[in-house]
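Trainee: Those letters in the sequence shown? Residues 1 to 223, per full-length UniProt numbering, in order.
You can take every hint at face value.
Once the Cα atoms are required to be at most 25 Å apart in a straight line, the calculated DSS-like pairs of lysine-lysine come out as:
{"no.": "1", "residue 1": "K112", "residue 2": "K92"}
{"no.": "2", "residue 1": "K9", "residue 2": "K40"}
{"no.": "3", "residue 1": "K40", "residue 2": "K160"}
{"no.": "4", "residue 1": "K160", "residue 2": "K95"}
{"no.": "5", "residue 1": "K160", "residue 2": "K92"}
{"no.": "6", "residue 1": "K112", "residue 2": "K95"}
Keep in mind that the hints were calculated from the coordinates and are not lab data. Model, not experiment: these values are computed from the prediction.
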Amino acid sequence: VTFAYEGQKPLLIDADFGIDLTTRAAIVGPNGVGKSTFLKLLLGDITPQQGEVIRNHRLRIGRFDQHSGEHLTAEETPSEYLMRLFDLPYEKARKQLGTFGLSSHAHTIRMKDLSGGQKARVALAELCLNAPDVVILDEPTNNLDIESIDALADAINEYKGGVIIVSHDERLIRDTDCCLYVIENQQINEVDGDFDDYRKELLDSLGEIINNPSIAANAAVLQ
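Work out the full structure: start from the sequences and follow the hints.
Mentor: Put into structure tokens, the structure is as follows:
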């Protein structure tokens with residue numbers, strides 16, 4: 001597919017990517033290269049100027065981003081919320097909340113009074129209970145502490161469906177069993193190696209720019 005926002009140069013040109021129920025992909029790349037745009041194309045929020053995004057109409061996709069907890073403004077508590085939505089017993093609802101690092105005292109606080117980070121944990125618990133075929137996570141570690149990031153990594157590793165993550169969080173990327181993809185030069189490609197190989201490639205590129213005045217000048221113009 002090819003996609004550009006109106007009046008801007010294309011973020012993606014003839015990009016090709018496929019997902020299924022076994023996909024485990026962590027997507028990285030500098031800010032502004034189109035990572036979130038790529039996810040919006042997968043989700044159908046936007047349409048490409050060229051090419052086609054083909055989806056199985058029965059495929060259920062779950063999403064989580066920095067806004068995912070904003071709908072949690074009710075008077076009910078997190079435990080009551082999960083019990084109502086999924087017909088769970090009280091203890092199972094609390095166990096699910098605890099899995100994502102929501103401290104026990106917050107299980108009985110009205111959701112409208114929770115912090116942004118606490119709401120994010122409730123939203124993650126809700127997402128996993130919905131059990132979609134594919135989960136798409138856009139910067140999921142925003143508002144999460146280390147304990148919650150570890151819990152999220154465990155949940156991703158145990159998840160039975162497909163997983164696509166866009167993240168700058170090295171801890172999450174290392175702790176999940178995901179193939180690494182990079183968006184750069186208007187393409188998305190699998191990294192030949194692991195996160196250390198990707199980091200080395202970035203450092204080598206940075207060194208080349210620093211040591212070559214003409215490349216540095218061009219980079220400055222591009223920014």
